[in-house]
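> Following the hints, position chains H, F, P and B with the ligands against chain C.
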Amino acid sequence: MDALSEAFRLIITLDEDLFEILWLSIRVSLSALTIAAVIGLPLGTYLAITRFPGRKFCILLLNVLMGMPPVVVGLMVYLLLSRAGPLGWMGLLYSPTAMIIAQAVLITPIIAALSNQVIESLHQEYSDTFYSMGVTGGRAVAAYLVDARYALTTCILAGFGRAIAEVGAVIIVGGNIDHLTRVMTTAIALETSKGNLTLALSLGAVLLALSLLVNALVIGVREYAQKRQYA
Amino acid sequence: MDALSEAFRLIITLDEDLFEILWLSIRVSLSALTIAAVIGLPLGTYLAITRFPGRKFCILLLNVLMGMPPVVVGLMVYLLLSRAGPLGWMGLLYSPTAMIIAQAVLITPIIAALSNQVIESLHQEYSDTFYSMGVTGGRAVAAYLVDARYALTTCILAGFGRAIAEVGAVIIVGGNIDHLTRVMTTAIALETSKGNLTLALSLGAVLLALSLLVNALVIGVREYAQKRQYA
Amino acid sequence: QSTTSTQNSGLYDYLLPMLKEDTGVRVNVVAVGTGQAIKNAMRCDGDLLLVHSQPAEEAFVADGYGAYRRDLMYNDYVIIGPEADPANLAGASNVTEAMQQIKQSGAKFASRGDDSGTHKKERSLWQAAAIDSDAGSGQWYLETGSGMGATLNTGVSLSAYVLTDRATWIKFANKQDAIILFEGNPALFNQYGVTPVNADKCPNVNREAAEIVTQWLASDIGQSAIGAYQVDGEPLFFPNAN
Amino acid sequence: MLKSANMPNPLLPICISGLRLIRGDRAVLAGVNLTIDEPGITVLMGPNGAGKSLLLRSLHGLITPDQGRINLGSLTVADSRTEQAMVFQQPVLLRRTVLQNLAFAAPKTAKTDRQRLIQALESVNLLDRADQPARMLSGGEQQRLALVRALLGEPALLILDEATASLDPASVLLIESLVKTQNVQGTKIILVSHDQGQARRLADEIVFISNGQVAEQSPADRFFTEPRTPEAKAYLAGEIVV
Amino acid sequence: MLKSANMPNPLLPICISGLRLIRGDRAVLAGVNLTIDEPGITVLMGPNGAGKSLLLRSLHGLITPDQGRINLGSLTVADSRTEQAMVFQQPVLLRRTVLQNLAFAAPKTAKTDRQRLIQALESVNLLDRADQPARMLSGGEQQRLALVRALLGEPALLILDEATASLDPASVLLIESLVKTQNVQGTKIILVSHDQGQARRLADEIVFISNGQVAEQSPADRFFTEPRTPEAKAYLAGEIVV
Ligand SMILES: Nc1ncnc2c1ncn2[C@@H]1O[C@H](COP(=O)(O)OP(=O)(O)OP(=O)(O)O)[C@@H](O)[C@H]1O
Ligand SMILES: Nc1ncnc2c1ncn2[C@@H]1O[C@H](COP(=O)(O)OP(=O)(O)OP(=O)(O)O)[C@@H](O)[C@H]1O
Ligand SMILES: [Mg+2]
Ligand SMILES: [Mg+2]
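Protein chains in written order, with this note's numbering: chain C, 100 to 330; chain H, 100 to 330; chain F, 3 to 244; chain P, 526 to 767; chain B, 526 to 767.
Next comes chain C alone, as it looks inside the complex (with noise of 0.2 Å):
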């Protein structure tokens, strides 16, 4: 209650520190659910699509990387991106750069997993008319994205939530740098550590209010277009 009460006050005194923290945060996950959405769908898609030897070792490879942990994510990255690591010379370590690139690292096999599942079911039925009517390739993968939109908006979604829940990642390659870096999560896991754990749970009540305002926002498009197009 005391968290609630403090998220609150927060929100309403549009505490500046609070908003710099919260808008780096909507900021490096859309850029990366948009990266890992424009890489992952049409990987799924293909994948449920097009039958090649080493296809099913693909989509196990997505399973198992959908369960990498966030921190081998962070670490990977950094070393990467690190001063000695072979993209060091572009100086984008500890920068919401890097984190967008971790978190794109991380959540493009989740999208491509689910989006895969979606698409398969979908597969299921269109494959015999598809074939036959000689669709494949790109303007197959793109009639199955558009046909599966909305099935399609929970797999972004999921993606949206592991992005702006992640903080093992980012804090990694960010470093939780006041005023460069520090996203909600990683101000969550400071305050914690610092054993203000009103403060952290308030914290974590603001970051739930703004998933849930985007998921809201997504869900009440789809229902909307969905209704328009049935009615």
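Don't read these hints as lab results, they were simulated from the structure. Predicted model, so just to flag it, every value in this text is computed and none were measured. Treat the hints with care, as some may be off.
Claimed, not checked - Partial pick of chain P residues on the chain H-facing surface, computed with a CB cut under 7 Å:
| hint | residue |
| --- | --- |
| 1 | 587 |
| 2 | 588 |
| 3 | 603 |
| 4 | 607 |
| 5 | 611 |
| 6 | 619 |
| 7 | 620 |
To be verified - Calculated Cβ distances over 12 Å to all of chain C for the following chain H residues:
| hint | residue |
| --- | --- |
| 8 | 118 |
| 9 | 196 |
| 10 | 319 |
For glycine and all other residues, C-beta sits at the position ideal for the given N, C-alpha and C.
What follows is chains H, F, P and B with the ligands alone, placed relative to chain C:
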């Protein structure tokens, strides 16, 4: 590369500490997964096939909870189980049980939301027939779960991936105590903070190998059963 | 159970088996920052506190949460930084001067920013040097809001200066091109203490075990064991139980 | 030409009044008024898209009409649900074997009565397919399975939506005789068919639907010899009516 | 009774030899040998589950047979794919509007040619449904849309699997005339039908399938007047053959 050979060395020398940690990771994640599946699958199914006011809101809530930061879940379970908390008398804090509880809280919404999506599309096909046959309530839920079992494995694997990879919640309620509550992810975090990046990565590789094993097993069984059925 | 950030130094891995052998008590370590450790203990989630922020510990005892506090051992803080040493710390004669040189050189400084003992120490140093570090937060003053190890990872990677306890630094494996640039100043003295949690406030506390552990740590055996702990040929902690 | 039945059918008469259903911006059912008190077989005919399926789905409770009321005997649609069964234009079978599909539909008490299921399968010549995945059956086989599944519950009203559309001539006759027997045993049958031969063989009464309305309701013999509406005349002659 | 065509059809003759297909432990196609050089309309008849759909699916390339070969003219099944079109027993429409379904199937160059799509819709009386979600069409309307979609690509071979099973009499005649016109323009037609009236009206040649094999192949007039095999006799008489 160092990390991989180190991982290899750890495994073939049957490093005892490693196996203790690995085993705890498996035990905690699978227990949490079992709880989450037992609650989440019927819940997701029920929400997919019944119509009542507030149903949309429940689904929205599940989607939001999918994006619940592990740290926040950890904190809440911590407050619940701490000696000063309501369940403090059970003395569960800093025990594997506490970790299982936290992870179950974390994964249940994921499994529920994803299975909801899967069942929703099966429901489009079955609903009229089930209505006509008067199949409702528990029987309908059971029938949907049985008939969608192959598609549901992906939801379960997503939950497992999340559980096995998760660090934020288990470190708060488990405390990363050596020989008691240290799991793979918290060990990785510890080695990272010690600056032992190679060791951390090699632990990550071992964890991924475990993930690979579990996924291969599940998907293998699924393929086999599917093939037998439609041969 | 006990809490502190001495874990990274490896001291516990060395000490606890000896303790178990001598007293039969098995200790579970929950390693978090001093701030969180104290607050956890205030919720009765712990039997024994082993941290390094004397004023906070004394307040803990004064408020009735702790039974009493004993000095246990000390080590010292050092400032590490890139070998090139752009702020020329090697040439600083005292800490205050060192801090001022860092600020003036435009180099980066990575702070833990987590209310830990180390962080509190560092803030007092800035204050002594009359520098408002918060004004540069996010530019040259980087508050990582993390533990010592993570802060070192960040600092080393960014060629920043970092104030760290010697024990953690010696054990730290990801040093890259960073070295100790400033050390041995009396102002950088770091005292650790043990505080058993007060059984009056927390009835569930494992009082006897906490007492046994405290006694053992302060005993000659415990003290010499602490003194004998070395990494890379260097002692990390210096026993000074009272 | 009334069929013999031991008791009057509790779902008769079926009264539909002022039924309207809007889809998109079109009234796909535009005020249907229909009373069926004939206990025999009622055949619904009418062009594609006339609204036959929607009418039957409303009657079965799958669709809630925008306006109008439906009563079956003294019951509402909802109350009569367990007394009704329906076979759809495109049968939906569970992802299970043929036998399991039947077992799932069987009333709980009869679940273990394997003998009865075997008999049911035999009655539609599907016994040798019993352990095959139901969704791998040929189109005609699926229709037969769906029918026998619907009959298991011994409904008082059986609704068939083009249930024999893709059956071979022998299966058509088989199903027709099954349906007739069921009707003799007291089940009211309402079916949709575009097959005039079938309608002639089965119907006691014809209801002709056109443009979301009942255009004509006549005893079967009269409908085919002297249809009263121009729509029905054109339909029977195979002329295009939109 | 050869139809006029400007050029010989490149997919003729269709040669199927030794085609075997095992499903479960049953040979659902048990060595089919069939040569079709008739450029007119070939109608496949046979009991439910005889293997008609599987044979057509093999011909279309949707199923790879376990044994045997199929050649169309000088082409293999794979090479002839773009020349073929098929309308399935249960039409599958995209989750889009009627018009978008057509547009999706149209060859890329004709994509923008809305006029042509409108004409096509008109030819099957679906113009007023153009902007409706396709999956909400009535059963018969879906069949008509699927057919016109298949015709868009101007295939050299059109395969129809019970494409008129749920059409009203007028639509049946409409489709039949469309199919005939298409055949006159040079498209080879192979269709499955259980409707003997339709077979008589359309067929130049009848292939009778039974138990996964070709039982009889005759010119249409001969088949109906004097079927040579007992299976065909029984089928036409509506007797049950399993
Ligand atoms: N959701 C919807 N939106 C728009 N139109 C709809 C919708 N659902 C049904 N329709 C239209 O309602 C009309 C009646 O459909 P219905 O399925 O009842 O026809 P029918 O008489 O059974 O035809 P058929 O003999 O082809 O099965 C059709 O023209 C169909 O396109
Ligand atoms: N995967 C499978 N496993 C077992 N049997 C199968 C499988 N697929 C098809 N069959 C069987 O093959 C037989 C032939 O099926 P097919 O669909 O070709 O029949 P058809 O001649 O088209 O019948 P209809 O007139 O009813 O459409 C059927 O008995 C069907 O049950
Ligand atoms: Mg219909
Ligand atoms: Mg067929």
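> Does each hint hold? Answer for all of them.
To see whether the hints hold, each was checked on the structure:
Residue-level restraint check for residue 587 of chain P holds (minimum Cβ-Cβ distance to chain H is 6 Å; threshold 7 Å). The interface hint given for residue 588 of chain P is broken, as the beta carbon of that residue sits about 10 Å from the closest beta carbon of chain H, more than 7 Å. Interface restraint check for residue 603 of chain P: the shortest CB-CB distance to chain H comes to about 11 Å, outside 7 Å, so the restraint is violated. Because the closest C-beta pair between residue 607 of chain P and chain H is about 6 Å apart, less than 7 Å, the hint holds.
Using the Cβ-Cβ criterion of 7 Å, the hint placing residue 611 of chain P at the interface with chain H is satisfied: the shortest such distance is roughly 5 Å. Below 7 Å, beta-carbon pairs count as interface contacts, and residue 619 of chain P has one with chain H at about 6 Å; its hint therefore holds. Hint on residue 620 of chain P holds. Least Cβ distance to chain H is approximately 5 Å, under the 7 Å limit. The non-interface label for residue 118 of chain H is consistent with chain C: the shortest C-beta to C-beta separation is roughly 18 Å, beyond 12 Å.
Non-interface call for residue 196 of chain H relative to chain C: holds, since the shortest CB-CB distance, roughly 21 Å, exceeds 12 Å. Here residue 319 of chain H does not stay apart from chain C, with its beta-carbon only about 9 Å from theirs, under the 12 Å limit.
Hints 2, 3, 10, counting from the list given before, are not met by this structure.
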